[in-house]
Amino acid sequence: MPKVTLDADGVYYRELNELVREAVRNGADEIEIFNILGQRYIAGGLAQEVKFLLHGIPGQDMGAFMRGPYVRVRGNAQDGVGNTMDSGAIVIEGMAGDVLGYGMRGGKVYVLGDVGYRVGIHMKAYKERLPVVVIGGKAGDFLGEYMAGGIVVLLGMNTSKPEAPITGRSLGTGMHGGVIYIRGSVPDYQLGPGLHAKPLSEADAEQLRGIVTDYAAELDQDVEEILAEPFVKVEPFSHRPYGNMYVAV
Amino acid sequence: MLFKPTDSYAHDFEVHRDRDACIDCKVCVNQCSYGVHYWDENRKKVMHDSSQCVGCHRCEAMCPTDALRIRRRETEFKDNPLWNSKFIKYIYKQASTGGVLLTGMGCPTDIPVYWDRMLLDASQVTNPSIDPLREPMELDTFLGAKPNSLAFHKDENGKPVLDTKLTPQIKLKTPIMFAAMSFGAINFNLHVAMARAAKECGTCYNTGEGGLHPSLYEYGDHTIVQVASGRFGVHRDYLNAGVGIEIKVGQGAKPGIGGHLPGEKIDARVSETRMVPLGSDAISPAPHHDIYSIEDLHQLIFALKEASEYRVPVAVKIAAVHNVAAIASGIVRAGADIVTIDGMRGGTGAAPAMIRDNVGIPIELALAAVDQRLRDENIRHKASLIVGGGVRCSADVVKAIALGADAVNIGTAALLAVGCTLCGRCYTGKCPWGIATNDALLAKRQNPDVAAKKLANLVRAWSHEIMEMLGGMGLNSIESLRGNRDKLRAVGLSAEEMDTLGVKLAGR
Chain A
1 MPKVTLDADG VYYRELNELV REAVRNGADE IEIFNILGQR YIAGGLAQEV
51 KFLLHGIPGQ DMGAFMRGPY VRVRGNAQDG VGNTMDSGAI VIEGMAGDVL
101 GYGMRGGKVY VLGDVGYRVG IHMKAYKERL PVVVIGGKAG DFLGEYMAGG
151 IVVLLGMNTS KPEAPITGRS LGTGMHGGVI YIRGSVPDYQ LGPGLHAKPL
201 SEADAEQLRG IVTDYAAELD QDVEEILAEP FVKVEPFSHR PYGNMYVAV
Chain B
1 MLFKPTDSYA HDFEVHRDRD ACIDCKVCVN QCSYGVHYWD ENRKKVMHDS
51 SQCVGCHRCE AMCPTDALRI RRRETEFKDN PLWNSKFIKY IYKQASTGGV
101 LLTGMGCPTD IPVYWDRMLL DASQVTNPSI DPLREPMELD TFLGAKPNSL
151 AFHKDENGKP VLDTKLTPQI KLKTPIMFAA MSFGAINFNL HVAMARAAKE
201 CGTCYNTGEG GLHPSLYEYG DHTIVQVASG RFGVHRDYLN AGVGIEIKVG
251 QGAKPGIGGH LPGEKIDARV SETRMVPLGS DAISPAPHHD IYSIEDLHQL
301 IFALKEASEY RVPVAVKIAA VHNVAAIASG IVRAGADIVT IDGMRGGTGA
351 APAMIRDNVG IPIELALAAV DQRLRDENIR HKASLIVGGG VRCSADVVKA
401 IALGADAVNI GTAALLAVGC TLCGRCYTGK CPWGIATNDA LLAKRQNPDV
451 AAKKLANLVR AWSHEIMEML GGMGLNSIES LRGNRDKLRA VGLSAEEMDT
501 LGVKLAGR
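First to last, the sequence lines map onto chains A and B. First residue of the first sequence? That's 1 in the numbering used here, and the numbers climb one at a time after it. First residue of the second sequence? That's 1 in the numbering used here, and the numbers climb one at a time after it.
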């Protein structure tokens, strides 16, 4: 099956994405793009199992709404990676910006380094559809806010901010589904109201090992080194965190 | 509970049962989902507990012998225009529970209804009026960005050929659409009914933020799909299912806050469509967390355009708030093809009473301000305007279009068409009329065929009335009325109100 190579140097995002769509329509199953400099929406909305290899820094909303593609970024990514994405995989060999995995419905996003604010907000899961986000570095505020399902794993290892806490404020605020695994520990004051970090059960540990093994394989990391530290988990204290707030008029 | 709550006597309605007419048939017992009517085994007759009554009138409507009357029950506190019974009861309730006051449906507060202060024109002697029964009358409406200008060239036969590439448009046969009401907030039967009625009337319904059930994809030509902050049921097939995509930023009934579909209404089908756990609350965050600025909005608009390959217009819905004109200008500049504005009287399945009744502004003023602002900035053609939030009849539609709207949304009116009585308990999931409920037995009270017919009847009747009013003004196309404020005159308004509305005093 054909592989297509594109040069994004000086190409406007709309043109680039049209070239990508055209290649996909013509049956490309592997697309390598060089010299990316902030072009938005790459791999967005695609429903085919195309493999992308991206060189440079893809712009906002990479992989938004995508269903199926495998995207590997040889560099950092900007905001909105995997926005409302449906399935497929995104592997970032660097850092990523804010709002990664917003409303994510399936698939996986692996980041080697740090991520910004508001990552994993309102991820969802249903039966076999289980989105997974693994962050190799540290995260900003509001990680996993309003989570309704899915898994976030925060390792805090490959970080450019050694002095910073592993996560920002308000981790998991309003979460009503899903789970956040954190390597090491997280102080309670960093968590959203009503949440507590708890030790992992055996089933959790098994699930985590599966995810970390896949992550390590994708990003050439050492599974045992990652798992050498104990993890804690943050889960919703209720599936209806705001259920008792109201009185009928 | 060991004590009787203070407010237990101060309930809003009371049941009057005509014992001579009542045959103890238990229809009321079966119809009431709030447990007001019950069979008393000892007395061998149907009894009732008025304190549970929400005033939905279902029992009254269904009673075969006309034995029931539901009347408002005024707890007659000492006369006090400041501390009227509404606020006294609020305080009793909150003191008992510590809860946020929760309501459903639109704001009932006594704020001016500007529709009623504007009157329409008609032709007399000059410019003869037109009879739509005998002459062509066009309500066709196109929603989407219009070009700055049109360029043509002539083909070899001398016929003009359009060179300008037109942007996608939603074509409607009437300027009335069904407002966004999500699957979950109202049940599946009504989504089927809205879809069918929209198809029959050549208009659109809006999915609301709860996703689209796969069986309704066949109505795609009459569907606008909505993307809200919870991103429920949003995926590429959904984005490509309809003729338009609407980003919901705000809602007139609850500007500034998110959505909250209570767990009581999350059944298996809603859970699947929204991808939230069964029985959990479906929570939409207050903002879209990827939109913190006009630039971010631009980003999402174009993410959606990319995902739909620029086939359909993208709308942005906001609540009518103080700076609505400036916000709308930003939305148009961010690339939206349609701006939807929802006034403070718009309905909802659930909103805190304080928000619903105190936040936002009436749609009439918001619409006039937005239309004027976009005209002043020469960008009015770059987006269509849809308004909603308190459109009660076809004359309101005509006045909205004369003020500058391209089309209107009807939500509350559509629910009234299928039996809603505005009791405002939509968030309980127990709607006795089978509307705002996903309980299988209650939802069955809405037959999709019957409901579709009622909705289509309403749109047809209004459309005909609109034609009559247009004809009376000597216009034969709704296009000639758009933004034509000369067809409106005001009564009983201040100079500033008339200035904001851009309407002259009657007689001027």
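Hints are computed from structural coordinates only; laboratory data are not their basis. Watch out, some of these pointers could steer you wrong.
Capping the alpha-carbon separation at 35 angstroms, the derived lysine-lysine pairs in DSBU-like fashion look like this [said to hold, decoys possible]:
| id | chain 1 | residue 1 | chain 2 | residue 2 |
| --- | --- | --- | --- | --- |
| 1 | A | LYS127 | B | LYS444 |
| 2 | B | LYS453 | A | LYS51 |
| 3 | B | LYS504 | B | LYS173 |
| 4 | A | LYS127 | B | LYS199 |
| 5 | B | LYS26 | B | LYS382 |
| 6 | B | LYS454 | A | LYS3 |
| 7 | B | LYS453 | B | LYS173 |
| 8 | A | LYS127 | B | LYS26 |
Being a predicted model, the structure only gives us computed values, none of them experimental.
Cross-check of the supplied hints:
About 28 angstroms separates the Cα atoms of LYS127 (chain A) and LYS444 (chain B), which keeps this hinted pair within 35 angstroms; it holds. Between the alpha carbons of LYS453 (chain B) and LYS51 (chain A) the distance comes to roughly 49 angstroms, so the proposed pair goes past 35 angstroms and is violated. For the given pair, LYS504 (chain B) sits about 31 angstroms from LYS173 (chain B) by alpha-carbon distance, which is consistent with the 35 angstroms threshold. About 34 angstroms separates the Cα atoms of LYS127 (chain A) and LYS199 (chain B), which keeps this hinted pair within 35 angstroms; it holds.
A hinted pair counts as satisfied when its Cα atoms are at most 35 angstroms apart, and LYS26 (chain B) with LYS382 (chain B) does not qualify at roughly 59 angstroms. Between LYS454 (chain B) and LYS3 (chain A) the alpha-carbon distance is near 56 angstroms, which puts this suggested pair outside the 35 angstroms criterion. Note on LYS453 (chain B) and LYS173 (chain B): the hinted pairing holds, with a Cα-Cα distance of about 17 angstroms set against a maximum of 35 angstroms. A hinted pair counts as satisfied when its Cα atoms are at most 35 angstroms apart, and LYS127 (chain A) with LYS26 (chain B) does not qualify at roughly 42 angstroms.
Of the hints listed earlier, those the structure fails to meet are numbers 2, 5, 6 and 8, in rising order.
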